[in-house]
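Number of protein chains: 2
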Amino acid sequence: MYNKFCKKQLWECSRDLVSVAMGRIPAETVIKNAKLINVCTKEILENTDVAIHSGRIALVGDASHCIGESTKVIDAEGMYIAPGMLDGHIHIESSMLSAGEYARSVIPHGTTGIYYDPHEICNVMGFKGVELMIKDAERTPLKAMLTLPSCVPAVPGFEDSGASITSKDIREQLKLDSVVGLGEMMNFPGIQFSNEETHAITGATLEADKIVTGHYSIPDTGFGLNAYIASGVRCCHESTRREDALEKMRLGMYAMFREGSAWHDLKEVSKAITENTVDSRFACLISDDTHPHTLLEKGHLDHIVRRAIEEGIDPVEAVQMVTINCAQCFRMDNEIGSITPGKCADIIFVDDIISFNVKKVIIDGDLVAENGKMLYEFPEYQYPEFAMNTMHVGETITPDTFKIKTDKKKNVKVRAIEIIPARVGDYERQVTLEVKDGLIESDTNQDVLKTFVFERHNNTGTHGVGFVKGFNIKCGAMASTVAHDAHNLLVIGTNDEDMALAANTLIKCGGGMCAVQNGKVLGLVELPLAGLMNVKTAEEMSDKVANLDKAWKEIGCDIVSPFMTMALIPLACLPELRLTNRGLVDCTKFTFAELEVDE
Amino acid sequence: MYNKFCKKQLWECSRDLVSVAMGRIPAETVIKNAKLINVCTKEILENTDVAIHSGRIALVGDASHCIGESTKVIDAEGMYIAPGMLDGHIHIESSMLSAGEYARSVIPHGTTGIYYDPHEICNVMGFKGVELMIKDAERTPLKAMLTLPSCVPAVPGFEDSGASITSKDIREQLKLDSVVGLGEMMNFPGIQFSNEETHAITGATLEADKIVTGHYSIPDTGFGLNAYIASGVRCCHESTRREDALEKMRLGMYAMFREGSAWHDLKEVSKAITENTVDSRFACLISDDTHPHTLLEKGHLDHIVRRAIEEGIDPVEAVQMVTINCAQCFRMDNEIGSITPGKCADIIFVDDIISFNVKKVIIDGDLVAENGKMLYEFPEYQYPEFAMNTMHVGETITPDTFKIKTDKKKNVKVRAIEIIPARVGDYERQVTLEVKDGLIESDTNQDVLKTFVFERHNNTGTHGVGFVKGFNIKCGAMASTVAHDAHNLLVIGTNDEDMALAANTLIKCGGGMCAVQNGKVLGLVELPLAGLMNVKTAEEMSDKVANLDKAWKEIGCDIVSPFMTMALIPLACLPELRLTNRGLVDCTKFTFAELEVDE
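Protein chains in written order, with the numbering used here: chain A, 1 to 599; chain B, 1001 to 1599.
Chain A extracted, bound-state conformation:
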């Protein structure tokens, strides 16, 4: 894989690297006296030095002869050093941070490379949005390696997103230097049913000699999984049972064990390794989705390594799972993933192999973070106006908008989406609601709330209408433009006035998440960048989310991270019932469903 994520290509600096190793020219930097976590041989090697030049590693061993007057010597004082950590599958957007701020947040935790799939911004703005994210990320030292969004929109024909990506687009975009592969191929039915366009998307990636990343979320270790892998999908982060992960590894698929903010698979999935005597080279640790407060309070891959060790995975093996295994998955281990000569000098210092607190981070030979703080200043990046202005709702929203008329006289039976907290699935329920003046209203006693999804990308003026159950809100309303994957404007509420206020608050601020009550905005997280992110810092965003959390509680919502659960209400590729701007979708049959149930 051609690696543009480095200071100098190896062939441009090999003569200098060799000269440093031989002692003919001084190293730019030498790390002295470290305990090396050797991920190649799975050992810890005491008293190891590393000589660095041109952003790359020239020598590992005794580097005394590489030190000259100009050499910066970093005494590790017996600390452990490990390769910079790699997250094999993440969506920057779920952090609500811009790519630059995301980099600033994760680097001090030891993350030096990410394989990111910007499919959220792509659903809103298409490749134009992806390009902005590339530019934003490029100014940072983070190796931001792109996997192209493969499924935009997620469920064609059932929703209106801001973009639509074809195999022709993919073929074109694969030529970009920053693209290392295809983002999670969620359309596993398309793969399994040999759909021509779906295979054209994966095929273009294979033909470009890049990596197809996967998303196989059903508990199947049989022929369906085989079929999926046979198409060339190389990794998958959707194992929730130990047997799923183990079978993927056995079938030569990299099993990426997920420990994100919302989805905690590691406890169960780590048993694939701890309860079987297997070679774990096909296992990785990844985050998928991380929220700003998780980044601040727990960290990123450092936290996940600690969690893996807690679950009984050998510490050096856990480090392999965020370094060389991930690099081998992407066939980039010639460039990154180990502290060995010739590789990019991406090196982290940790105080201890168990507590795994990251003390220093070196990327491409530069000390970029220390004691949890970024040292490296990178230039400002200004997103263009169009990226900060993506609320294009084609109707004026007033309380009247939320009136739901019916021909029924007294009672009406409607379909409702029942959420399952901290799970991605939901249930289709049928509930009976009272009819007042020909209108159907929310019923807080039954915890059944009006839910609207407004198309917000192309002023189509369309919206879908449904009911949800499970948030336990007693008053007010809540709204969000983080609404997978089309990211239209989602509004849930107990009364029409508050719903209109919630919707219009987000339209006004360019998108985000809010909670309102009695005509007052209780909490608001503005996400003006594509309606998904903010250019503010992680600290500021974390505070805002904490405030919103409080507001949610005030209006009665008692589930953890309600916005994550809420955000999946429109995601029509998940069972059982979903609501998009086009209406209710029966996701078991892939047909539209009527709101009212005929009796």
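Derived by calculation from the structure, the hints in this document are not laboratory data. Ideal placement from N, C-alpha and C gives every residue a C-beta, glycine not left out. Wrong hints could be hidden among the right ones.
[Unchecked claim] In silico DSBU-like pairs for lysine-lysine, Cα to Cα no more than 35 Å straight-line:
# : chain 1 : residue 1 : chain 2 : residue 2
1 : B       : LYS1042   : A       : LYS271
2 : A       : LYS175    : B       : LYS1168
3 : B       : LYS1175   : A       : LYS168
[Claimed, not checked] Some but not every residue of chain A turned toward chain B, in silico, with C-beta under 10 Å:
#  : residue
4  : PRO26
5  : GLY68
6  : LYS72
7  : ALA230
8  : THR240
9  : SER280
10 : CYS475
11 : THR505
12 : ILE507
Put chain B on the given structure of chain A with help from the hints.
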């Protein structure tokens, strides 16, 4: 790595593969009831089926639903199956067989892919010769993956070979589909001294995103090795001490443990794994040089796996070392090296994990060998006339040619090359010889024999003159055109008449190896293809070599495989004293040496 070594590219057949796995179309072939040696997880999995279509694996597990009327079902009857074996570093020429015959010899032993460096034929005929070898190999099912000869001639300025390869040539040839990398970079001093042209050769390979293979033959695990690896060299087969191999693995270099016909490193080097608790993913098993009788009597990688198991390496780990580890070294594990969906259907059946007798071999889905015999018939290949006619010696050789004149009267002190049987090094000795009629003669009492190297590529009429010690020949002469790396005509003998006969015998038959006595050719192995190979079968060649062996013994030579040791006499990159067509070379100082020692 773009893989042209398959029946169909995955993107061309993924829809069919998926249809097979899903049971919609029947598999072409199904293997039933096997014990799978799973190299991904290092396990043995009982009762496993494999479904195959379009030359690739569609499913691994229960394949009952993949069987249709047209499906060929192979009942493994509980035998073990493993991925087809890969030899990470070999020279076809050392088998004395053409590429086609080589393939025919190794495939029944379970070898399905080789990474070969044709630097012998390249020294004789340049890329024209390499191209012929590619064509010869292409007609066979063997995945013959080429690494470009990197050091031709081996020691520029000290010998005349038939070709000279520059970085510009390398850059051009890297574009060939069959080229996966650069052959062993023997010029480690060139790397270590940052020589521009040497780094241009490795750099061109890195820039083409291909693999640089190595050759680091000195016992150094310090900064010299670091420097060599920092240049981007990814593997090395020259470890002779356990600590060399271990250090290479620790430095992220694939350590290729060699067990060839002449060099037996495995006994010692395997201790890198068996006496240390290390992850062995950076270890491979390779042959480097295998002679026809070894292929016939012992086998190829199957033999080396058995040897590895004898040395205490876990059997499944030994199989990993000839499959997935090698594939990962060449960053081709997405295509070969494991029995997992989507990969090329290269599968071997073995009777038992310890005895490791290969019973069946499938390549690209076709059963190509069974019970040690090739089933697959491939078309004839005719080497062009120029390839069968490479003896271009620019002088008429007669007994007079071998007269060595001196000004000394009675005695003369000369430099002699003392060979060390079964070792690649030699010693420089000084011996005193009697002068008769102004001429220096061989002295069988001291075991000091006249040795001549005639340039044979471009009719330059040059020859070098020296003496060797150690073969213990009492009468007659021997000659060979297998004389590394320039492969000029080497003649050693006790008297001028027999030396002339030996030389002219080889000139007449187009090259080879022979032993003569009293005007009679006792043994002759004709190698008319570039003076290195023959298009006959391994059986015929093995018989011929056995006859020659007998002849060698008749004239008194008592060392094992004398021709291997003899062939290194001109290799001026090895210590201490060597003889090329330009004269004696002091290989410790890289200067020419005088035959006579001044006193």
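Now for the hints, and whether the structure bears them out:
{"no.": "1", "hint": "LYS1042(B) to LYS271(A)", "in the structure": "holds (17 Å)"}
{"no.": "2", "hint": "LYS175(A) to LYS1168(B)", "in the structure": "holds (26 Å)"}
{"no.": "3", "hint": "LYS1175(B) to LYS168(A)", "in the structure": "holds (26 Å)"}
{"no.": "4", "hint": "PRO26", "in the structure": "violated (14 Å)"}
{"no.": "5", "hint": "GLY68", "in the structure": "violated (15 Å)"}
{"no.": "6", "hint": "LYS72", "in the structure": "violated (19 Å)"}
{"no.": "7", "hint": "ALA230", "in the structure": "holds (4 Å)"}
{"no.": "8", "hint": "THR240", "in the structure": "violated (19 Å)"}
{"no.": "9", "hint": "SER280", "in the structure": "holds (8 Å)"}
{"no.": "10", "hint": "CYS475", "in the structure": "violated (51 Å)"}
{"no.": "11", "hint": "THR505", "in the structure": "violated (47 Å)"}
{"no.": "12", "hint": "ILE507", "in the structure": "violated (44 Å)"}
Hints 4, 5, 6, 8, 10, 11 and 12 from the list above are not met by this structure, while the remaining hints are.
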